[in-house]
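Trainee: Chains as they are written, first to last, in the working numbering: chain A, 1 to 306; chain B, 307 to 744.
Hints were generated in silico from the structure; no laboratory data involved. Honestly, I wouldn't trust all of these hints.
Stated by the list, open to error - To list a few chain A residues with every Cβ distance to chain B over 12 Å, as calculated:
{"id": "1", "residue": "34"}
{"id": "2", "residue": "165"}
{"id": "3", "residue": "250"}
As the list claims (entries may be wrong) - List time: in silico BS3-like cross-link candidates among lysine-lysine, alpha-carbon distance up to 27 Å:
{"id": "4", "chain 1": "B", "residue 1": "344", "chain 2": "A", "residue 2": "57"}
{"id": "5", "chain 1": "A", "residue 1": "149", "chain 2": "A", "residue 2": "29"}
{"id": "6", "chain 1": "B", "residue 1": "335", "chain 2": "B", "residue 2": "377"}
{"id": "7", "chain 1": "B", "residue 1": "344", "chain 2": "B", "residue 2": "375"}
{"id": "8", "chain 1": "B", "residue 1": "669", "chain 2": "A", "residue 2": "57"}
{"id": "9", "chain 1": "A", "residue 1": "29", "chain 2": "A", "residue 2": "62"}
Where a beta carbon is used, it is the ideal one built from N, C-alpha and C, also for glycine.
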Amino acid sequence: MSFAEYSEIIQEGDVVIIFLGHESMMPIKVQSGAQTQTRYGAIRHSSDLIGQRFGSKVTCSKGGWVYVLHPTPELWTVNLPHRTQILYTTDIANITLMLELKPGSVVCESGTGSGSLSHSIIRTIAPTGHLHTVEFHAQRAEKAMQEFKEHKVSHLVTVRNQDVCKDGFGITGIADAVFLDIPSPWEAITHAKSAMKRKGGRLCSFSPCIEQVQRTCEALLDHGFEEICTLEVLLRVHDVRAINLPLPDFGPEEGSADSSQMASDVSQEVAPNTGNTSVICRTATPPREMAGHTGYLTFATKPQCE
Amino acid sequence: MAESVNDSDAESRISFGDYVVLKRGDVFKSVQVENKKKVIFEKQWFFLDNAVGQLFGTRFEIEAGGSLKLKAAKHSGDSLDSKEAGQDNRHILDDGKSQKLTRDDIETLKEQGLKGQEIVQQLIDNSTTFKDKTEFAQEKYIKKKKKNHLRYDTLAQILTLGNIHAGSKILVFETCAGLVLGSVMERMGGFGSVIQMYPGGGPTRAGMESFGFPSHFHETLHEFPLCKVNALLAGTLDLSEKDADGNRRSESSQETSGVSEERSSEPQSMEVSVDPQEEMRRVERERLREQKAQEKKVKMEEKRKKLASAAALLEGRNADGLVIASRFHPCPVLMGLLKFIAPSRPFVVYCQYREPLIECYTKLREQGGAISLRLTDSWLRHYQVLPNRTHPVLLMSGGGGYLLSGTTVAADAAKTRNQQKSEEPVAKRLKLDEISSA
């Protein structure tokens, strides 16, 4: 198992995701002899996990069952222990595409935070790229390094505990892309520019507040960045449901024996056990409250140095 | 520490054969740079020859006669629009999204020497914004009447939700002229394999070609016809030495031997009475005929080999992911192709409309074998960020289509009657255990 490469069989030391039911999951580290308690009972690592295929159903000690999933950055994002506010898959997907990340890309990121985006970047640039991530909080930097090791991707990433605004990313002239998620991104633009290759590259800055965006765009312009563009993306999740709609009773129709005529007018499935008085409709309703604002994404291109 | 191995920091200059993206304002078009070939863009004809040797990102002007001329670089000190202090003229040309040209702006640009001619803004490295403006690029160069309007943020979700990455084995079924396929291949970086499932005659890949992948990427790309899926699943797929249409090889070889018989007999019978020039032409015709038959044989064999290699990749039923983005009804496509995917792997289905995906969702719930099903669409909003004039510009929603995503799991051997609960593991025997242990 690795977060950047699939495998088929669960092994000792793997990090796996236990799926307990609708929107309920938890990560566990597989250790010989260990047990994990769930509401359906205990999972015995040695017998239930090691040697089993990812995706299998595991029956817990109390009889209930769960699925064991191969970790992915997307699953990790919704299951990781938060040390900071994190980036979610919707934003991550757009960042990845618009920074043109792909295998071999060299990327700089600050701050590392809880490593949500970091894992996604690592997965995308593997096996030939590299992530240089800067986190100014010592403990978080340490925790990130530890997780990358456990997730078997530490060869693809370098964590530096420093202040990106003062000391930059620790490298120059090698990055294809730079990502900033810090309180004052305009202070890091110079360092971002020098981290990027001479032939140019892409930059993204994520900020929750519009004032931050304004200052960042100004700094980008001043430093000669082009194609500056700010956007926001929101995901709408549709709730798929079968609903029961009762049919009206207009009284007996001239010349017809039953009310099945009505159901055929509606051309839907008649609901069972209702004597043709209601139909089932399959629909999807948008949620009452849509996902709110996460942050503004500002993209720019550093042009080739003439 | 692994540094990037395949990407030097050498200057990227335009060469003949490169695929580039032409950009003017908000409009993009992908073209190939060819010697003395006329291209059309934004109602203008011109040649790209003068672009060769220049850096990607260069601005050009189109001169009378269609040749390109280098446009002088803009200086940040220039201030065209005197109305707003501090506004940079780059906004007027580069950021076509931010505002329409006002009368004053147009006058100012004319003063700069445009003379009513349009400017071709930049030749950009082909991958930079090709995906950025997927919708526009498709509209301009893909000439199909019915297009799948795949917005770039939707494409972004597909690639990430599908966990597309180097080294995996991904199944793709798309009718987006190869755009989705190309994007998937770019994220695989030439590692692993992509199997393109195709309906009808052959896979469409025009969009993929314009990504300009190095040739070794093409070795990772396979194709398999939908019409042979059932045979493959049943184990009855015939991969023996036949041509792809199923005609027995022996027939065609009989034809060729028949021809050669004729060939050997004809000259003998005609030898006496035929003019030597006529004879030469006849021999030449027959040589061509034989050559063509030989070429056909080679092609058929190639096709057979390709089919066999794709079948070998599929029959293990252990693919790492599935991406569907087509005008076909997604439900049967999904249910059919999911059989080739390993457990604990993601799948993503794109559809312009919601209802077919609702059907997929319902069917998957009934059948089992998939969890974390989500039906989503995304809203995208651009902002104009200018001093004292910052506000949202555009809201894209609905038109981007919908996505159904999920993760495969090991299929149940015996399905429980109450399918609704199959997603939610229930400790069924709990009460019984409590009773029996009491």
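Trainee: Would the hint linking residue 344(B) and residue 375(B) be met if the CA-CA limit is 27 Å?
Mentor: holds (15 Å)
Trainee: Quick one: work out the minimum CB distance from residue 34(A) to chain B and report holds if it exceeds 12 Å, violated otherwise.
Mentor: holds (21 Å)
Trainee: Decide if the proposed pair is consistent with the structure: residue 149(A) and residue 29(A), CA atoms, cutoff 27 Å inclusive.
Mentor: holds (13 Å)
Trainee: Looking at residue 165(A) again, its CB stays over 12 Å from all of chain B?
Mentor: Fine: 21 Å to the nearest Cβ keeps residue 165(A) off the interface.
Trainee: Classify the label on residue 250(A) as holds or violated, using whether its beta-carbon is more than 12 Å from each beta-carbon of chain B.
Mentor: holds (29 Å)
Trainee: Measure nothing beyond the straight line between the CA atoms of residue 669(B) and residue 57(A); if it is 27 Å or shorter, mark the hint as holding.
Mentor: holds (21 Å)
Trainee: Hinted pair, alpha-carbon criterion (27 Å max): residue 335(B), residue 377(B). Please report holds or violated.
Mentor: holds (19 Å)
Trainee: Would you check the hint for residue 29(A) and residue 62(A), treating anything up to 27 Å between C-alpha atoms as holding?
Mentor: Between residue 29(A) and residue 62(A) the Cα gap is close to 21 Å, so the pair holds against 27 Å.
Trainee: Is the Cα-Cα distance between residue 344(B) and residue 57(A) 27 Å or less?
Mentor: violated (60 Å)
The structure is inconsistent with hint 4 alone, although it conforms to all the rest.
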